[in-house]
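With the hints as your guide, set chain C onto chain U.
If you're matching them up, the sequences are chains U and C in order. Note that my numbering gives residue 132 to position 111 of the first sequence, counting from 1, and the numbers run on in steps of one. Note that my numbering gives residue 418 to position 332 of the second sequence, counting from 1, and the numbers run on in steps of one.
Don't read these hints as lab results, they were simulated from the structure. All values reported here derive from a predicted model rather than from experimental measurement. One or more of the hints may lead you astray.
[Unchecked claim] List time: in silico DSS-like cross-link candidates among lysine-lysine, alpha-carbon distance up to 30 angstroms:
{"#": "1", "chain 1": "U", "residue 1": "250", "chain 2": "U", "residue 2": "222"}
{"#": "2", "chain 1": "C", "residue 1": "326", "chain 2": "U", "residue 2": "143"}
{"#": "3", "chain 1": "C", "residue 1": "232", "chain 2": "U", "residue 2": "149"}
{"#": "4", "chain 1": "U", "residue 1": "40", "chain 2": "C", "residue 2": "233"}
{"#": "5", "chain 1": "U", "residue 1": "60", "chain 2": "U", "residue 2": "288"}
{"#": "6", "chain 1": "U", "residue 1": "143", "chain 2": "C", "residue 2": "93"}
{"#": "7", "chain 1": "U", "residue 1": "239", "chain 2": "U", "residue 2": "43"}
{"#": "8", "chain 1": "U", "residue 1": "84", "chain 2": "C", "residue 2": "233"}
{"#": "9", "chain 1": "C", "residue 1": "232", "chain 2": "U", "residue 2": "143"}
{"#": "10", "chain 1": "C", "residue 1": "232", "chain 2": "U", "residue 2": "84"}
{"#": "11", "chain 1": "U", "residue 1": "43", "chain 2": "C", "residue 2": "93"}
{"#": "12", "chain 1": "U", "residue 1": "58", "chain 2": "U", "residue 2": "149"}
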Amino acid sequence: MKDNKGMILEISNLATGYKTGKTLRQVTRLFSTSISKGKIISLIGPNGCGKTTLLKTISGMIKPLSGTVFYSGGGITDDISKMSSAELASRRALVLTKPPEPGMMSVSEIVSLGRAPHTNWKGKLSEKDKEAIHNSLAITGSSPLSERIFRTLSDGEKQKVMLSRALAQDTPLIFLDEPAAFLDLPSRMELAGLLAGIRDKGEKTLLITTHDIDFALKYSDIMWIIDSKGAVYDGLPDNLALDGTIGRVFSRGEIIFNIEKRQFEHKKLPD
Amino acid sequence: MTINRRKTGLALTGLLVLLLFMISISNGSVKIPLRGIAGILLQENISQDDAMQIRNQKIVLELRLPRALAAAFGGAALALSGLLLQTFFRNPLAGPDVLGIASGAGLGAAVTILAVPILKTGGISVLASSVAGSLIVTALLIGLVKKYESMTITLLAGLLTGYFLHSLTGILIRFSSNQAVRSYINWSAGSFRNISREDLGIFLPLLASSFLASFLLSKQCDLYLLGEDYALSMGSDTRKFRISLILLTSVMTGAVTALCGPVSFIGIAAPHFCRMALKTDRHSILIPGVIFTGAALALAADTISALPGSGIMLPLNSVTAIIGTPVVIKVLLKGYYER
Chain U
22 MKDNKGMILE ISNLATGYKT GKTLRQVTRL FSTSISKGKI ISLIGPNGCG KTTLLKTISG
82 MIKPLSGTVF YSGGGITDDI SKMSSAELAS RRALVLTKPP EPGMMSVSEI VSLGRAPHTN
142 WKGKLSEKDK EAIHNSLAIT GSSPLSERIF RTLSDGEKQK VMLSRALAQD TPLIFLDEPA
202 AFLDLPSRME LAGLLAGIRD KGEKTLLITT HDIDFALKYS DIMWIIDSKG AVYDGLPDNL
262 ALDGTIGRVF SRGEIIFNIE KRQFEHKKLP D
Chain C
87 MTINRRKTGL ALTGLLVLLL FMISISNGSV KIPLRGIAGI LLQENISQDD AMQIRNQKIV
147 LELRLPRALA AAFGGAALAL SGLLLQTFFR NPLAGPDVLG IASGAGLGAA VTILAVPILK
207 TGGISVLASS VAGSLIVTAL LIGLVKKYES MTITLLAGLL TGYFLHSLTG ILIRFSSNQA
267 VRSYINWSAG SFRNISREDL GIFLPLLASS FLASFLLSKQ CDLYLLGEDY ALSMGSDTRK
327 FRISLILLTS VMTGAVTALC GPVSFIGIAA PHFCRMALKT DRHSILIPGV IFTGAALALA
387 ADTISALPGS GIMLPLNSVT AIIGTPVVIK VLLKGYYER
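If we strip away everything but chain U, and leave its shape as in the complex, we get (with noise of 0.2 angstroms):
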């Protein structure tokens, strides 16, 4: 434990990969930053560069090659590391890429399931429970859809029932796992407006993995770049987008990205 004040996620000198027997894998190279309330950071990189291992490593599902992860609150700071899995889900929540399949569940069944860490054994709901859910189905527009059976929702749905139920979760961090990857492009902007709305109320800060530039570049207070070898830029988007880090990470053989638009284009556009 230290004190931070300010601060609610503190990354020190970490690198992450999979250890395999004896053999070793790292996927990203040491990294070393710290993060204020109320923030959206969005984590950007081409296919397999490891947006998903350090996203995974940093909630601490899995275990880093070395270095720390703080989370920090309430003037404690604890090393990840040292907490048990019931400790974590109190401070952090996730929502993954591919919606789950769970059968029967209805929506409000789902998003009471992000209660899990606050009740006892059995899963039983308080008053304050029931309110947390409602809330949280409220602030996604869900609680229309509460009654319904899950698995009849649509993607764009469903994602949204996801974060409610990590909102319901009530935890300060929320990692999302490239949240919108499957869904068409109205959802996706849905979407983005939530996380936006959900950052500007100032007590929860939300780290996102994206393959949608356009999102980071806009939505995002903080980005970071994880190029081909591993190595992670930290920076505000404007700055990476005009330092040429953004242009450099992705550009490829024709495709550029244009500094003044903010956009990738063609080198020459075809006749």
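This is chain C only, laid out in the frame that chain U set:
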């Protein structure tokens, strides 16, 4: 469906078990009226002069009550194993027999039955080797899922393991004495009627405590329906859960297989009957529900296999398979999920 309607459904299933339990006891070569059975079970005074009443009391307490208890608890244990496996593998086709866990238990039991011809079928040694057999197969499957993250591969591996172990048992039989083979064949047809009273004294408490332990896991099971990553993110200790699940399903499947033989299809079919009836996936309702459903199925199958009034005994396994296969087909066609 509201919570109250689910509870009513659960209570009705419980009543069904009670009814089938009484029918099972009243059936047999000697017909005993239901009223008489209630009197015997409730320990009413029976006049010592009435020879028929004394005989009935002996039949009920020494023969029929043990066999009905064995069927109810055995069926419930197989059904609960099936539910836990379906939840863990997130696959509606999982079950102790489909995944080869019952075959592991079977081989374990067969080794003991065949290797020790002096031993009667049943008993602690058969139970222990049977549990060991299912433990190995379950651990192997859960390891496979962890490594390959593919439920299809695991399901196929379980199926093939089942065939493999079955063949090993076949080879083992070639090298055994006639007496041992006879007792093995007797065992392998499956029956809730061969269990001795001493064995029942171990069987019932062992299963009852497994039921209780499973119920304590109901919240963890609910979380697991969203997948292992989501369960972990919501505070489930997934390692501990995996180990508990391996132990519980192995003990339950192993115990039933050792003492009642390989009883197929109850494990895979009962959870689906239960979900259809109670329309829920919450384990705090499903676990008691599936215990009742499994007990009801086993009692019904046992009563049917004795062909009331005919004196002929059908193989229990054929009866359970005839009840079970249509359910599995229905699951394949996913009929009831769509509603």
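| said: What's the verdict on residue 250 (chain U) and residue 222 (chain U), does the C-alpha distance respect the 30 angstroms limit or exceed it? | reply: violated, 36 angstroms
| field | 30 angstroms Cα cutoff - pair residue 232 (chain C), residue 84 (chain U) | value | holds, 16 angstroms
| Is the Cα-Cα distance between residue 232 (chain C) and residue 143 (chain U) 30 angstroms or less? | Holds - the C-alpha atoms of residue 143 (chain U) and residue 232 (chain C) are around 27 angstroms apart, at most 30 angstroms.
| Holds or violated: residue 232 (chain C) with residue 149 (chain U), Cα cutoff 30 angstroms? | The given pair, whose Cα atoms are some 37 angstroms apart, is violated under the 30 angstroms limit.
| field | Satisfaction of hint between residue 93 (chain C) and residue 143 (chain U), Cα-Cα up to 30 angstroms | value | holds, 16 angstroms
| said: Run the distance test for residue 239 (chain U) versus residue 43 (chain U): straight-line Cα separation, threshold 30 angstroms. | reply: violated, 43 angstroms
| query | Taking 30 angstroms as the top limit, are the C-alpha atoms of residue 40 (chain U) and residue 233 (chain C) close enough? | reply | holds, 14 angstroms
| request: Take the C-alpha atoms of residue 326 (chain C) and residue 143 (chain U), compute the straight-line distance between them, and say whether it is at most 30 angstroms. | output: holds, 17 angstroms
| query | Is the Cα-Cα distance between residue 84 (chain U) and residue 233 (chain C) 30 angstroms or less? | reply | Given pair residue 84 (chain U), residue 233 (chain C) holds - Cα atoms ~17 angstroms apart, limit 30 angstroms.
| Is it true that the CA of residue 60 (chain U) sits at most 30 angstroms from the CA of residue 288 (chain U)? | Measuring from Cα to Cα gives roughly 34 angstroms; hence the hint is violated.
| request: Please work out if residue 43 (chain U) and residue 93 (chain C) have their alpha carbons no farther apart than 30 angstroms. | output: Since the Cα atoms of residue 43 (chain U) and residue 93 (chain C) sit roughly 53 angstroms apart, the hinted pair is violated (cutoff 30 angstroms).
| said: Can you confirm whether the C-alpha distance between residue 58 (chain U) and residue 149 (chain U) stays at or below 30 angstroms? | reply: holds, 24 angstroms
Checked against the numbered hints given earlier, the structure breaks hints 1, 3, 5, 7, 11 and satisfies all the rest.
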